[in-house]
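Asker: So you can see what is in the structure, the chains are spelled out below.
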Amino acid sequence: MSPLRRFLRTPEAVAGALLLAMLIAMALSASLLFPGDPQAIAGPALLPPFQDWSLPLGTDRLGRDVLAELFHGARTSLAVGLAAAAAALVVGAVVGTLAGFAGGLVDEVLMRITDAFQTVPSFLLALAFVSVVGPSLGVVVIAIALGTWTGPARVARAEVLSIRERDYVAGARVIGMHPLAIAFREVLPNALPPVLAMSSVIVAAAILTEAALSFLGLGDPNRVTWGGMIAEGRAVLRTAPFLSIVPGIALVLTVLGVYLAGEGIVETTAVRRGLS
Amino acid sequence: MSGFTISRRTMLAGSAMLLASTAMPAPGWAQTPKKGGRLVLAADSEPRNLNPAIVASNGVFFISSKIVETLAEASFDGKDGLAPRLALSWEGAADGLSATFKLRDGVKWHDGKPFTSADVAFSALQIWKPLQNLGRTVFKDLASVDTPDDLTAIFKFAKPTPFQLIRNALPALSSVVPKHIYEVGKIEDNPANNAPIGTGPFKFGEYKAGQYYRLTKNTDYWGKHEPYLDEIIYQVLPDRTSAASALEAEEIQLAAFSAVPLADLDRISKVPGLKVISKGYEGLTYQLVVEINHRRKELADLKVRQAIAHAIDKDFVIKTVFLGYAATATGPVPKNDPQFYTADVPTYAFDVAKANALLDEAGYKKGPDGKRFTLKLLPAPYFNETKQFGDYLRQALAAIGIDAELVNNDSAAHIKAVYTDHAFDLAVGPPVFRGDPAISTTILVQSGIPDGVPFSNQGGYKNDALDALIAKASETLDASARTDLYKEFQKEVATDLPLINVAEWSFISVARDTVGNIANNPRWAVSNWADTYLES
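Chains A and B are the protein sequences, given in the same order.
With the numbering used here applied, the first sequence corresponds to residues 23 to 298, in that order.
With the numbering used here applied, the second sequence corresponds to residues 1154 to 1689, in that order.
None of these hints come from the bench; they were simulated from the model.
Accuracy of the hints is not assured; some may be wrong.
Using C-beta positions, here's what the derived DEER-type ranges look like [stated by the list, open to error]:
no.	chain 1	residue 1	chain 2	residue 2	range
1	B	1489	A	278	32 to 38 angstroms
2	A	155	B	1503	33 to 39 angstroms
3	A	155	B	1377	56 to 62 angstroms
4	B	1523	A	75	50 to 56 angstroms
5	A	278	B	1569	40 to 46 angstroms
6	B	1529	A	138	32 to 38 angstroms
Some chain A residues close to chain B (C-beta under 8 angstroms, calculated; not the full set) [said to hold, decoys possible]:
no.	residue
7	24
8	62
9	67
10	83
11	186
12	258
Footprint (simulated), chain A over chain B, 3 or more residues, beta carbon under 8 angstroms [unchecked claim]:
no.	stretch
13	1391–1405
14	1416–1427
Computed from a predicted model, the values in this text were never measured in an experiment.
Just so it is clear, CB atoms sit at the ideal spot from N, CA and C, and this is done for glycine as well.
Modelling step: build the complete structure from the supplied sequences, incorporating the hints.
Answerer: And the structure:
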């Protein structure tokens, strides 16, 4: 059975993939369907959903189109989620590989640094970093990556520790390859699969962290974010609950989609490994 | 006794009376205030320093004005808009070099010591003038305070000082603290700053960080039969959405300073047992102002500033951001000020085409992407409304081709960025008008203010004509001549636009129907509440 068919046979994976596809479609079509600034004032303030079909999800306190904000928010969420996860995985894999491959003092130093980062709750770290540097999209990505790279680093190191004793690594040494070249050309690619398996969890967590930061007013104010939308809706929670509920549902579905799809991939690959 | 037989007629008459009483506004029905009870209300901030003589701000007054009293309080119907508190009368000398205060007899501090003119002299010379945020400007020429007897304090000024200004400053700037407590040690470090001792109707009880402040009745208060309440509890509710639910659940009886979000007022006004009151803040008008950094070459151009003024739809701001609970502004003095306001100033109607034309004229043509130039916009984080107006302003500027990039900061970082580092192009600020332009308004446009003074002109604006006008007004003793100078001042500010005044707003109280004597003076929320009572 091909991996794709195996993937398609698990219903939760399919559901996740569909949700994810929808999210990606939203993000990609945002500027086609809603050109211009999504924060532009489009109609009367606090219009409830399903009243005016040119503004199907209604408007917020300033009269901005909630649907347009939702689509553009999908972009921010996805961009931040993927960028932060990519940054965390790259940094984690590099640090883990170096530590595992070099061993000795380098290993000790790198792992103690990892410990230090792990002892601080990752959200607190992100909060502190953004408050000091000032909120912008790049800073938010770095802030989230700061708290999440430690997991991949530990997994990569553990994997590298077993791989570096393999024969082909010894062979590479014998032919006089530079140790760094061995680490990154021979060892790292083989240590990568279990690290990548963590990516879905990291992306999901990154999306949530970004939303939480925006909710606390530490997101990039020049971009629409779901967390920011929820925070703004909170002031009128009793009179216009849809302003918080709509982006809240989007957030839940996104995190669920990313997680389910990721789980599906991991399971498919695990079954394949188990079979081979 | 025939009086007890109930006929149909008396029954009807009785129910008609009942109907009439519910229809009538509360003040029309002369009720005798009830004694006793505990008033629980929402507090949204927890000031550390509770000494109103040092920190003259509404956050501090909200709590400490019940403990520490001023010489006079604002009043709706009193002479010059004042009602006596610790001072019974006040008079300025014709030469502007002295002002005489006759003090109330028989007033005692909470620790039992008598209140005398020595306390007033000490507060004025040792605290208001050197230490108080607002007193530094108003009392800068105060040279000495003579105390010929225990009940007379004569302020002597080194330079002629308009008595109109001193009078207008009394409600906010003249908190009197006890000399015998403060004369030992450093005033700023005195423990009484955190547990104030005053002459007010309530004594400081206790403070539990993150939970509550408790004030207890001063049984020795000078006011006859006052205070009515036994206790006031300030329940700390930092989350703005929780005040409304706490009121509905009858956990608190009062939420002042718009602790209930404006968007909730419409709903909450329909809840039985709760009333929404917009009176009682007339003396605490906040102004929504666009602060401008004149160091930016584009913004130094008057045409650009005019264009920005024309790009702002003030009516939309009132309707959408303030949900109608505000008024449009024409200049640096709010419309509701009875003494100084003039409508005779240039105004800037909402006109995007005109704004675009002005920018073209100024030489800032639209680029191929429709943008003329980019600005950094820093909305002050203190109010929901200032933040929302920041969002609106960004859109309004986009409509005239100015790309504004929002920068959000917390309070401390915002004050540093704007007033110390000048790291802004436009900022949205909420300065307060305190009854006289010389107290905290002229400082917003005057030049020569050192870096780091918050809520002052830190935009690098310098206008010699305006500076001269401010200087002249500060030494003009005749009240009507002085008022005319400030009318001139308003005209000059509205013409040259060192900053753009957008709106003026105040606060809303929501209270249970059982709370009596609410909003009976223009600074009610920060007055002493001696006459506030609870019906059971």
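Asker: Determine for every hint whether it applies to the structure shown.
Answerer: Against the structure, the hints come out as follows:
1. B:1489 / A:278: 32 to 38 angstroms: Given a distance of about 53 angstroms, which is not inside 32 to 38 angstroms, the answer is violated.
2. A:155 / B:1503: 33 to 39 angstroms: holds (37 angstroms)
3. A:155 / B:1377: 56 to 62 angstroms: holds (60 angstroms)
4. B:1523 / A:75: 50 to 56 angstroms: Violated, since residue 1523 (chain B) and residue 75 (chain A) (Cβ atoms, about 29 angstroms apart) do not stay within the stated range.
5. A:278 / B:1569: 40 to 46 angstroms: holds (42 angstroms)
6. B:1529 / A:138: 32 to 38 angstroms: holds (35 angstroms)
7. 24: violated (48 angstroms)
8. 62: Where the cut-off is 8 angstroms and the nearest Cβ of chain B is about 6 angstroms from residue 62 (chain A), the hint holds.
9. 67: Check passed: Cβ of residue 67 (chain A) comes within 5 angstroms of chain B, closer than 8 angstroms.
10. 83: holds (7 angstroms)
11. 186: violated (47 angstroms)
12. 258: holds (4 angstroms)
13. 1391–1405: Since three or more residues must qualify, the claim that chain A covers the stretch 1391–1405 of chain B holds, with 3 doing so at under 8 angstroms.
14. 1416–1427: Since three or more residues must qualify, the claim that chain A covers the stretch 1416–1427 of chain B holds, with 4 doing so at under 8 angstroms.
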